Amino acid sequence: MRSPLLFLPRQLRSFASIGAVLIAIPLFAVPSNAAEKSLYERLGGVAAITAVVDDFSTRQLADGRLNKYYKTTNKPEWKKHLTNLICKASGGPCAYNGRAMNRAHARMYISDDQFNWTAGHLVASLTKFKVPKKEQDELVAIVASLKEQIVGQ
Numbered sequence: 001m002r003s004p005l006l007f008l009p010r011q012l013r014s015f016a017s018i019g020a021v022l023i024a025i026p027l028f029a030v031p032s033n034a035a036e037k038s039l040y041e042r043l044g045g046v047a048a049i050t051a052v053v054d055d056f057s058t059r060q061l062a063d064g065r066l067n068k069y070y071k072t073t074n075k076p077e078w079k080k081h082l083t084n085l086i087c088k089a090s091g092g093p094c095a096y097n098g099r100a101m102n103r104a105h106a107r108m109y110i111s112d113d114q115f116n117w118t119a120g121h122l123v124a125s126l127t128k129f130k131v132p133k134k135e136q137d138e139l140v141a142i143v144a145s146l147k148e149q150i151v152g153q
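Under this note's numbering, the letters of the sequence shown match residues 1 to 153, in that order.
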């Protein structure tokens, strides 16, 4: 099976060097080294994740290649779900109660390019907030693991 990281553009692959899988076990995984802080803690907790999501969502909504998908979206609810998803996936205490990725993106027919543009906006937001490369790599790997559930649905 090919790694989902291979689908990211070359410049983003370096950010996605860790092969995290979001669904099932890794979504709720605890760091293997109890002394090591979770990605959630290293990102700065829910306040920092919320700031990144706010910036990321602004970028998404301003991007003419992507904003058509958000015309009927309840933006505050979308941002809340995205914040909770990143919080939970990174080892935080949040509860994600949104739809599964394949259901949330059903009949949207998102292309590889659109997925990669979205990943680029996430990297830009993380960079804006000076998130270290290691944490960027881990979070982008989590996002990359969702590609099969999002693209072409």
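By construction, these hints were calculated from the structure, which means they are not laboratory data.
Careful, some of the hints might be misleading.
Below, a list of computed lysine to any residue pairs in the SDA-like style, where the Cα atoms sit at most 25 Å apart [said to hold, decoys possible]:
1. Lys-133 with Arg-107
2. Lys-75 with Lys-37
3. Lys-79 with Gly-44
4. Lys-80 with Pro-132
5. Lys-134 with Val-46
6. Lys-147 with Thr-118
Keep in mind it's a predicted model, so treat the numbers as computed, not measured.
Hints versus structure:
Pair hint Lys-133 plus Arg-107 does not hold up; C-alpha atoms about 34 Å apart against a cutoff of 25 Å. A threshold of 25 Å between alpha carbons decides the hint, and for Lys-75 with Lys-37 the separation of about 31 Å lies outside it, so the pair is violated. For the hint pairing Lys-79 with Gly-44, the CA-to-CA distance comes to about 18 Å; that is within 25 Å, so the pair holds. Distance hint between Lys-80 and Pro-132 is fulfilled; the C-alpha atoms sit about 24 Å from each other, no more than 25 Å.
Distance restraint check for Lys-134 and Val-46: the Cα-Cα separation of roughly 18 Å lies within the 25 Å cut-off, and the hinted pair is therefore satisfied. Pair hint Lys-147 plus Thr-118 holds up; C-alpha atoms about 11 Å apart against a cutoff of 25 Å.
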